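Spelled out from the first residue to the last, the chains are:
Number of protein chains: 6
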Amino acid sequence: MTVARPSGRTPEQMRRVRIERAFTRHAEGSVLVCFGETRVLCTASVENRVPAFLRGKGEGWVTAEYGMLPRATHTRSDREAARGKQGGRTLEIQRLIGRTLRACVDRSALGERTITLDCDVLQADGGTRTAAITGAYVALVDAVRWLRGRREITRDPVFGAVAAVSVGIYKGVPVLDLDYAEDSACDTDMNVVMNDGGGFIELQGTAEGHAFRREELDALLGLADQGIRQLFDAQRAALGA
Amino acid sequence: MTVARPSGRTPEQMRRVRIERAFTRHAEGSVLVCFGETRVLCTASVENRVPAFLRGKGEGWVTAEYGMLPRATHTRSDREAARGKQGGRTLEIQRLIGRTLRACVDRSALGERTITLDCDVLQADGGTRTAAITGAYVALVDAVRWLRGRREITRDPVFGAVAAVSVGIYKGVPVLDLDYAEDSACDTDMNVVMNDGGGFIELQGTAEGHAFRREELDALLGLADQGIRQLFDAQRAALGA
Amino acid sequence: MTVARPSGRTPEQMRRVRIERAFTRHAEGSVLVCFGETRVLCTASVENRVPAFLRGKGEGWVTAEYGMLPRATHTRSDREAARGKQGGRTLEIQRLIGRTLRACVDRSALGERTITLDCDVLQADGGTRTAAITGAYVALVDAVRWLRGRREITRDPVFGAVAAVSVGIYKGVPVLDLDYAEDSACDTDMNVVMNDGGGFIELQGTAEGHAFRREELDALLGLADQGIRQLFDAQRAALGA
Amino acid sequence: MTVARPSGRTPEQMRRVRIERAFTRHAEGSVLVCFGETRVLCTASVENRVPAFLRGKGEGWVTAEYGMLPRATHTRSDREAARGKQGGRTLEIQRLIGRTLRACVDRSALGERTITLDCDVLQADGGTRTAAITGAYVALVDAVRWLRGRREITRDPVFGAVAAVSVGIYKGVPVLDLDYAEDSACDTDMNVVMNDGGGFIELQGTAEGHAFRREELDALLGLADQGIRQLFDAQRAALGA
Amino acid sequence: MTVARPSGRTPEQMRRVRIERAFTRHAEGSVLVCFGETRVLCTASVENRVPAFLRGKGEGWVTAEYGMLPRATHTRSDREAARGKQGGRTLEIQRLIGRTLRACVDRSALGERTITLDCDVLQADGGTRTAAITGAYVALVDAVRWLRGRREITRDPVFGAVAAVSVGIYKGVPVLDLDYAEDSACDTDMNVVMNDGGGFIELQGTAEGHAFRREELDALLGLADQGIRQLFDAQRAALGA
Amino acid sequence: MTVARPSGRTPEQMRRVRIERAFTRHAEGSVLVCFGETRVLCTASVENRVPAFLRGKGEGWVTAEYGMLPRATHTRSDREAARGKQGGRTLEIQRLIGRTLRACVDRSALGERTITLDCDVLQADGGTRTAAITGAYVALVDAVRWLRGRREITRDPVFGAVAAVSVGIYKGVPVLDLDYAEDSACDTDMNVVMNDGGGFIELQGTAEGHAFRREELDALLGLADQGIRQLFDAQRAALGA
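Protein chains in written order, with our numbering: chain A, 1 to 241; chain B, 1 to 241; chain C, 1 to 241; chain D, 1 to 241; chain E, 1 to 241; chain F, 1 to 241.
A couple of the hints might just be wrong.
Here are some chain C residues pointing at chain B (derived, C-beta under 10 Å) [claimed, not checked]:
#1 Glu20
#2 Phe23
#3 Thr24
#4 Leu41
#5 His74
#6 Thr75
#7 Gln86
#8 Ser108
#9 Gly111
#10 Arg113
#11 Asp125
Here are the simulated BS3-like pairs of lysine-lysine, each with C-alpha atoms no more than 25 Å apart in a straight line [said to hold, decoys possible]:
#12 Lys85(F) / Lys85(B)
#13 Lys171(F) / Lys85(E)
#14 Lys85(B) / Lys57(C)
Note that these hints are calculated values from the structure, not bench results.
Every value quoted in this text rests on a predicted model; they were computed, and no experiment measured them.
For every residue, glycine included, the Cβ atom is placed at its ideal position computed from N, Cα and C.
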């Protein structure tokens, strides 16, 4: 199967991935993650409080918020703070990020603390949610290292790793890591979140054009698995682990 | 594989499905859909206008809104109208319903009209979004029949059918059509939307407890396929088609 | 005085009234009340908390919320949750429902509990607020029976009964229990809430066309009194009292 | 029947009423109305536009908005602009004011114009809504005179007059024009809006304590009628009519 | 330098200033301040609570809210409560008023109390924020006297006085105390808040047309100083101090 | 006068200023501006529309929005989009940025276009509004160059330059370009916006501790003038002008 991807990549080729830690100075974890031209700043903030439903239970919480600078995109989009509410897409993405990161955290080991992962898109070119998950994991690990460095916690609450990539069917061919040009023209778009044990954390596939068949799904999952392995390598390299 | 489901059902057994048309009298389509104790009222409303981004293009629009009566659930939840905004879960579900129904509509054949599917949960017992999609399809067909009966459109804009079911891994065993007791205790929860050609429209799987493996995914998709076939039968029976 | 009512009813004839208890299963009281084609689901929810202004006083609270499904009406109206606020009409009606039900409750006997009456209109054909009051009373009694069944309270906090009906002047003739066709064309519209001792709890009359004179008011109050007696019968029959 | 009213008034005695025109200079009508210590500033603003539902029909619109300065009351209440929404009581009152004033306006004679009556309570001591209606009528007449003075309209769109007063049962005795001390302690509270032909425009009675009987209602309506006649005199005197 | 000011005033001439105490009866301080046709009602409300960030510190708080009646201006502006939010101009002004009044208050001497200054513009003709500051100071002193009269505080928390005036360059000439006609046509507009020791509390200058030069700034500050001295006289006269 | 500034700078020493153009790729102008550790991303977006009040007048508009990433600061602050409104400080700053940039734009030469300057703080260490103005000017020039490169406009709408710096009195000594440590401890804080002709565009001085005297004001204005000259050099160097 061959296809001319707008970027000239082969179907199974990811974009260049960069993970830059300590991008800003105040946050306990601060990571700029780039999937090609997509750039997301992920900060992890530690606070000594938990939401009301967890108070007094000795457990911590991990949550996420997502935002897009108004001109991260080709044309300017309204600022959500000015419109007075977060859109459905924003809420959906930040729920996804929070949920997937909680999947690799032992909340008892965290104690009564909240770690908030703010994922702000500085520049968008497709795949902002998968980049955000991949980068937020690194920011989370940094925040936990900061806590351990101060001896506030003794056990490591993070087990394993999580990373995410998009896959899709572009002009009839399954391809890995869609950029904006592909994303806006593809038939099927799927976001896959996995852990480093090879298990699925989250699978979200949408048929944009026609419905996708079982064998297409299988091909997409195979590509995603390849891509996510590379992301685990990039995370480990960044973390010096 | 055996498991004691709270309802006494076998793993591959759906709840009793009922689809009652003309449940209320004003809407162009009005369907009460029940998956066991889950009851959702789905109305289809036809309006001769389209959103701004479609004006003058000769195409129609299909969209959905979702709501839950405050005491549809075990404990009362706040009324979203009183809180002044729809929650993330609500927005996520109504985006899903709209997206999946648009997947079986030829919007050119609809003309410059909007069909809004209001899915309001009267009683919740797990699977409200899959029941809503399944019932909203029937309401949509009724609204289109109403339009054709008045000769406002000539071609049928609905092609094929869509239906949805949830599957999950409960106490280690893949089961079909989760009720609330299972949903709140299961390890993996997946919503599957398919068309009657056997293609996937949407796939949303979430690992609540531990990550799910490829073979588990395969088993879940098999169960979903079986369940959705029964839903297509129920839709056809209701529609007298 | 004769008048051709759109429904063919005589001036002093009410629509058929149905009161169906246990309509949904989770609420402590759940009543579907129908005044002809007007159908309102009234649920009563018991919670062990009171608003801030009552805390520590040993008294309970009874309050109401009102909603209309978007397509309960002839043409679809916007969902208040989506618009981000409840309209003036909604707030006015739910304040009325709460106020009139508190008029038959001894809040000391209730203890520090809140009973919330959610009145959601599934189908509207005039008189939704009067149906809601009449049905909410039955849901309230059911919730109180539930509390007494669990021996959480010893004295019955509900004294007497309340019910409500609309009256109006349609084509010059005073008529009882306006349906939508009459309501939108009448000169005067009055909602009357009474208790079973024959006292007035609330009286709200509005001249839509020309002002109404004292003798018209007298005739309307006479009709309302007749109608409300029938509603008390229907409530008693439903409650098996 | 005798009762010691907190103010020392007899049961059928109104508070001193003052109506001061041209209280502020920008509005087309600007009236400060005082019922004793209750002071409401009513301005009438003319704009050459109508709401969407009236466009192109050649008819005008009359509407009202109501507000209370935060410290118009004994204790400071939150500013509605700061809370981000108008409360149910505010919406209810401003709907009432607009409705009752439209009852004396021929909207065709007004042409495609909107007159907005802003009723802002500078100081509250009971009866703010009845004072507002009484004063807004005068501001409305002034705005219409301004239009006629500029020859923008030829026919007078205002026919008759409207005024409002509260009545209630205080310590068992029907009394006229409740002040705050009576309002917060009375058993029944009724607002009556009449026109100068002796017809009722609006009647809103609420049993705060026990239900009120028919003979009490009759007594209250008699008192209201007496009070409103005095208000018509005060309006006429103010308008030099 | 001569200039024809719309009002006929000389460049260094202020409008007539009136300060009327006890304008309304419920507030602990209630002042109507008029700078010519600009009229602002300033009330001071004392409450026995402080914002969360001050709880338990033994200090008080002074804050302000600002509003404009819809028809205080030449054309009606939307009611902020109806629009559901306060505009940027409103927030900016109320922050300014609160900040400048805190500059003359010893918050320890106030104890754990909040004094809220509500400044509501009844009629606007330029300079509403400077009138508000000047009047709010008097209301604040009255509220403090009320507290001292009740012996709730022993030391006077107010030290010195603050007042404010606007200055600007109108048709090339520096002028004092701009009215609306000047304000909407001037090149530079500056609000100056000073204390009675001759120090600056706040200085806000904006070049509306061309940038202003250093010598213009010097002239403006000279005028402001003259004007504010007159305001201190007016405050003292009003307070009988 | 000597003072130990936390950063070790001399009183008249600015922080290191960096201006990096083309920081992101989609916007017509995109500038990262750094005043020491304060980093603000300023993008300029060109749109072919103007606000309603300018339609059909042949003039353009320049406006600004300001935001702060939640963890740009020492402790995390709430995301304004999640809280559902922009705070007073945000609105005040974005009004200031828009106003000062309009002061160097000939809006007729711009034609019916809007240029929106989005200033988003990635990292805060004092002086974010002055950095934003200084950087936004460069982004504005880039957007205008882009328009001229496409020959959409013929005359340059930007005349002169604007830049801004803060000055303050720290431990009794006037200092230039406050960082966070100084800002939170200083007695007087002043933001000065000037054009390259040496005129003042905006002056905002606030006494945080005690009031400031005329001679202190003079010293601050002298420092600001020195600092802003350096900023004009940095802007020119960045623009290659």
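Now for the hints, and whether the structure bears them out:
1. Glu20: Hint violated; Glu20(C) Cβ to chain B Cβ min 13 Å, cut 10 Å.
2. Phe23: Since chain B brings a Cβ to about 8 Å from Phe23(C), closer than 10 Å, the hint holds.
3. Thr24: 5 Å, holds
4. Leu41: 7 Å, holds
5. His74: 5 Å, holds
6. Thr75: Result: holds, 8 Å to nearest chain B Cβ.
7. Gln86: 5 Å, holds
8. Ser108: Check failed: Cβ of Ser108(C) comes no nearer than 23 Å to chain B, outside 10 Å.
9. Gly111: 18 Å, violated
10. Arg113: At about 13 Å, which exceeds the 10 Å cut-off, the nearest Cβ of chain B leaves the hint on Arg113(C) violated.
11. Asp125: 9 Å, holds
12. Lys85(F) / Lys85(B): Answer holds: Lys85(F) to Lys85(B) is near 13 Å, not above 25 Å.
13. Lys171(F) / Lys85(E): Cα-Cα ~39 Å, so violated.
14. Lys85(B) / Lys57(C): Status violated; Cα separation ~32 Å.
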